[in-house]
Amino acid sequence: MILNRQNLQEITNTEVLKPMDSVFDLPEKIIQFGTGVLLRGLPDFYIDKANREGVFNGRIVIVKSTDQGDTVAFEQQDNLYTTCVRGIENEETVNQQIVNASISRVLTATNDWDQILEAAISPAIKIIISNTTEAGITSSSEDISVGVPTSFPGKLLAILFARFQECKGDQDGGFIILPTELISNNADQLKEYVLQLAAINHMNQLFIQWIKTANSFCNTLVDRIVPGKLASEDYKETTSKLGYEDELMIMVEPFNLWAIESSDPQVIQELSFAQVNKGVAIAPAIQKFKELKLRLLNGTHTLSCAIALLMGFDTVKKAMENDDFLAYVSNLMETEIGPTILDNTITNEDVQIFSKSVIDRFRNPFLDHQWKAISLNYTSKIKLRVLGLLNRWYQLHQHAPEHIALGIAAYIILMDTKEINGAFQTQHTASNFNIQDEYASSLYQHWMKGYPHISDVLKSTAIWEQDLSDFPGFATAVVNYIQEISNIGIQAVLKNRSK
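My numbering applies: residue 714 is where the sequence shown begins, and numbers increase by one.
Just so you know, the hints here were simulated from the structure itself, not pulled from any lab data.
Backbone N, C-alpha and C define an ideal beta-carbon position, used for all residues, glycine too.
There is no bait here: all hints are sound.
Simulated pairs of lysine-lysine, DSSO-like, Cα-Cα distance not exceeding 27 Å:
no.: 1; residue 1: Lys881; residue 2: Lys925
no.: 2; residue 1: Lys762; residue 2: Lys942
no.: 3; residue 1: Lys839; residue 2: Lys925
no.: 4; residue 1: Lys1001; residue 2: Lys762
no.: 5; residue 1: Lys1094; residue 2: Lys1006
The calculated label-pair distances, taken between Cβ atoms and stated as ranges, are:
no.: 6; residue 1: Gln1000; residue 2: Ala1136; range: 34 to 42 Å
no.: 7; residue 1: Asn1104; residue 2: Asn898; range: 20 to 28 Å
no.: 8; residue 1: Thr1048; residue 2: Met714; range: 52 to 60 Å
no.: 9; residue 1: Glu1047; residue 2: Asn1090; range: 22 to 30 Å
no.: 10; residue 1: Asn1209; residue 2: Ser976; range: 47 to 55 Å
no.: 11; residue 1: Asn898; residue 2: Asn808; range: 30 to 38 Å
no.: 12; residue 1: Glu950; residue 2: Glu788; range: 25 to 33 Å
no.: 13; residue 1: Thr1048; residue 2: Asp783; range: 47 to 55 Å
no.: 14; residue 1: Gly941; residue 2: Ile1066; range: 21 to 29 Å
no.: 15; residue 1: Asp827; residue 2: Arg718; range: 21 to 29 Å
no.: 16; residue 1: Gly941; residue 2: Ser1155; range: 31 to 39 Å
no.: 17; residue 1: Asp1036; residue 2: Ser735; range: 44 to 52 Å
Throw the hints in and build the complete structure from the sequences for me.
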């Protein structure tokens, strides 16, 4: 039996949360560009939950922009799919199965463009969501009057023009546009490209002004691990237990965040699904959420990555089972990262809540998050996620942050590689692997000079664009940790720190 509307009544497993029949009669209120698992695991998850609680009361028309893949599974399953929520939340194991009924239909840009434009002029549709990957938000010079526009800004511009013509330029006829692509200020960039393309197409100035004034382009930040399809054996076990097949089934972690930048009362009113989803935050500025994610989640990942690899752990969850590693991660956030990022927008409560969620996420027993994957482009990640912390730390203190220094020391040891056929292979991990880092060659050259010169890594402005040895005591702390790890091993060093 496959999951579809007709078979819903045959699904008797009480562990599955099924939709009510009334949801299928709800009007379409959203156009969504993208069928990917992130959209289905986050925005669509919120819409479905709100509909269940009688708040938003609207469904989603999905536009499939690319020709890759097909929509057969959506058609066969009446656009229903199961979301498996698995992980740790408030130190409790979560394992839920929810049938999502937020999607009304899936249209392809190539074959159904007329239907898409028809949907765009419906007054009930007020929201546009997208995730076309970072490559989707890009400049274009195409003629949007000929056929189906190729680029996402082109498609959006065509939809906006259709809407403008239908509503005759009414200021109340615009959209709320919510891009979720993982680039900074995603809506600002999308708006810029749309306006550039409108100018290239010599479009009416009244229309261009309408784009600017009648439409709300809201920057957003999304944060949720959505692994997507279950592994083969897991899928077989899950579908056997639930009693139906579901080609669209996805897994998500319990943690969820969608920060949306707006102070417009009309936007807040239209995005009513935020009322019943604590993970949706509508705020005048979302920099706070970016900083919490960048420093506490990403920064902690980066600073602990080399330590975990040197300890012989391949996945994050295995590392978190080690008490000394857990203590390092907790203390890093509590004593160094958290206090450093406090400002007039980020409170101590914000830090504590987010830090607790990071621990839960790292300990998720259902995720096999590989440290090797986290180590990709390691140096650039340190520059992006850690150097800002270091600079701010020294604005507040004149002594070295010991946990950060230990993380950097472990990173430098991980970068002590052997050159094999032009690749740089680790030497100090349980399973040596090729380092994929644009600075691997430069770091290799530093190690070739011998241990006494390893502090030169921190002085290299070619790598860091600043001299890290200028920070009082930092180079000494890092070099001392490198020597200590070399003498007694990383596990003993961690154990000494956790005493």
